[in-house]
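Protein chains in written order, with the numbering used here: chain C, 1 to 314; chain S, 1 to 308.
Hints listed in this document are in silico derivations from the structure and should not be mistaken for laboratory results.
Do not rely on the hints blindly, as some may be mistaken.
To be verified - Derived contacts from chain S toward chain C, CB cut-off under 8 Å, selection only:
#, residue
1, K13
2, G19
3, T22
4, A23
5, A30
6, I63
7, K89
8, G92
9, A96
10, Y182
11, R221
12, E225
Quick reminder that beta carbons are idealized off the backbone N, C-alpha and C, glycines included.
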Amino acid sequence: MYEVRFHGRGGQGAVMAAQALADAAFIEGNYAVAFPFFGAERRGAPVLAFARVDKGKIYEKTQVYEPDYVVVLDDKLPLMVDVTKGLKDTGMAIINTSLKPEEVELGRAVKTATVDATGVALEVLGTPITNSAILGAFAKATGVVSIESIKKGIMDIFGARIGERLAEKNARAAEVAYERTSVGICKGTLIYPEEKKWLPTAQEFPTGGALGLEVKTDAGLIGLGSFVENKTGSWRTFMPVADNSKCVNCKLCWFYCPEGAIEMLMNLPESEIPAGTGTDPKGNPKGIKIDYDYCKGCGICANECPTKAITMER
Amino acid sequence: MSSTKITIHDLPKENLFTGGHTACPGCGAAILVRNAMKVFGKNTVIYTPANCLLVFGGTYPNISWKVPYHHVAFENTAVCSAGIKRALKASGKDDALVVGFAGDGGTADIGMQALSGAAERNEDILYIMYDNEAYMNTGIQRSGSTPYGAWTTTTPAGKVIKGKERFKKDVPQIMIAHNVPYVATASIAYPTDLLTKLEKAKNMKGFRYLQVYSTCPTGWRVPPEKTVEVAKKAVETGMWTLYEYENGKMTINVKPKLDENGNLAVPVRDYLKMQGRFRHMTDAQIETLQKWVNEKWKRDLALEKALQ
Ligand SMILES: Cc1ncc(C[n+]2csc(CCOP(=O)(O)OP(=O)(O)O)c2C)c(N)n1
Ligand code: SF4
């Protein structure tokens with residue numbers, strides 16, 4: 001049996017990739033299952049999907065904790081989560097990056113395959129969706145499934161969802177990625193902060209689970225208002241940049257930002273207002289400050305700004 | 001009718017629904033909730049049933065709300081909110097505002113009997129339906145509030161049947177039929193109208209119902225930056241009418257552009273083409289929907305005239 005863990009972001013199609021791999025393995029006469037991590041993850045947030053392949057029937061129903069292979073759809077993910085966690089010593093990481101395997105930094109030095117799946121996807125599909133290209137790299141690097149079967153798996157799974165014509169393009173993306181995959185050993189230089197969880201004893205647990213406002217614990221803040229410690233800025237692909245000289249203090253972006261990541265300069269203490277800031281007719285400092293710790297890069301601010309003072313940049 | 005307008009410029013700086021929440025990028029419901037909390041202030045207790053907001057607003061023990069909030073079951077919003085309010089009143093805290101925040105599935109469908117009961121008893125709560133026109137938290141299933149023609153996972157666009165075959169359920173009118181003190185529709189794309197209605201509803205006694213159009217870029221197949229643009233187009237085309245019903249009187253607050261014959265001037269097609277969920281619609285379907293919108297607009301106008 002071999003087990004695979006896919007790391008992606010909500011909306012990137014990690015689940016479809018796992019399904020297409022299972023389909024390909026099935027075509028080759030194996031038993032195979034594919035399933036997502038069931039959680040509250042939304043578009044943009046880090047997500048997991050899994051696949052299990054065996055010659056015989058598969059009875060395991062758990063998530064994959066000790067994968068033979070990890071597949072990473074987004075090159076920024078290893079900075080946030082230790083994708084090598086639980087990976088078998090004999091295992092391999094397959095990563096979407098423009099770097100060579102030897103240049104990649106992960107939590108452990110492991111056998112690593114790299115391919116610029118984003119580049120391939122842009123070239124072949126015209127969009128940066130990497131779930132098909134990365135499967136080509138998987139076939140090349142592991143040899144446990146043929147590229148022909150992967151292409152059939154893509155035709156089956158993608159075809160049913162997005163139609164035959166687009167599925168064919170995706171199969172082509174896998175083929176191109178197959179040719180461009182290289183294998184080596186990565187650097188094990190990334191250090192992740194220790195994960196801390198609030199685990200109260202039965203005596204410590206508050207009646208009814210009710211928590212107060214911003215309660216300090218060894219595991220950080222808990223309770224009302226404590227979600228501020230969840231820095232959603234890492235979800236971002238595009239980044240809003242403000243030209244405060246064009247701002248007219250209409251406050252529309254401040255209102256529309258779903259995250260509350262925009263603050264008006266006029267609401268900040270004087271010490272935080274950059275030198276050279278202009279003023280509006282009322283004498284208030286003109287402009288905004290964007291909190292990139294929370295900004296998810298939705299782009300509403302840039303779209304709604306009446307003076308086009310905000311632009312989205314890569 | 002009191003008419004003090006509340007604008008963006010009246011809002012305080014502090015967020016009582018903090019960043020760090022996990023709504024999808026561009027989520028309309030998150031825009032609504034964050035700003036509504038600025039209007040409500042700290043003396044507020046929140047109830048949310050199962051829905052996106054419950055999930056993105058916190059994963060125990062980490063929570064975005066900075067005021068007490070409760071969750072019981074999916075179908076219980078109105079009755080649990082009413083219970084909380086009665087308990088507060090009994091303990092001498094009648095000044096606290098109790099708000100039930102539910103999705104359209106939790107309101108138009110599964111929460112309807114509790115909602116109707118609480119409205120009929122004129123419970124002293126503010127009930128807000130954020131209308132994202134489907135069950136989004138469980139992956140886009142149709143609700144009574146899903147519009148005609150829309151694709152959802154339970155109204156797929158196939159060869160024979162293309163999207164939802166039924167029209168959107170008119171929940172605000174159902175609530176008006178309960179003759180409660182306040183019923184209003186609003187939209188995230190009309191801040192002054194929205195904030196004024198929130199402020200008014202906050203300060204009234206008895207049962208208040210607000211239904212706020214809240215774009216869901218994920219479920220509607222809309223690029224996240226278009227959230228507000230789509231919501232504006234809904235009002236311009238008449239797909240969503242902004243009105244309020246206060247102590248027996250109905251007022252349409254924003255009138256869409258009309259042509260010289262008094263018909264809606266902006267075709268629904270302009271609204272539909274912005275969204276992937278309508279992509280499969282045939283010309284005949286679009287015409288059916290346009291007719292429905294025209295009739296709905298005429299009915300809203302007639303109601304406004306009748307309820308003076
Ligand atoms: C009694 C019950 N049935 C089903 C569910 C599963 N469930 C959780 S959230 C949800 C969808 C909620 O949809 P809606 O009220 O429209 O809010 P949205 O998620 O769209 O914001 C469902 C069906 C549940 N929690 N309880
Ligand atoms: S699915 Fe829709 S309503 Fe739910 S969090 Fe995402 S954008 Fe918001």
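Hints versus structure:
| no. | hint | in the structure |
| --- | --- | --- |
| 1 | K13 | holds, 5 Å |
| 2 | G19 | holds, 4 Å |
| 3 | T22 | holds, 6 Å |
| 4 | A23 | holds, 6 Å |
| 5 | A30 | holds, 4 Å |
| 6 | I63 | holds, 5 Å |
| 7 | K89 | violated, 20 Å |
| 8 | G92 | violated, 20 Å |
| 9 | A96 | violated, 15 Å |
| 10 | Y182 | violated, 23 Å |
| 11 | R221 | violated, 11 Å |
| 12 | E225 | holds, 3 Å |
When the structure is compared with the earlier hints, violations turn up for hints 7, 8, 9, 10 and 11 and for no others.
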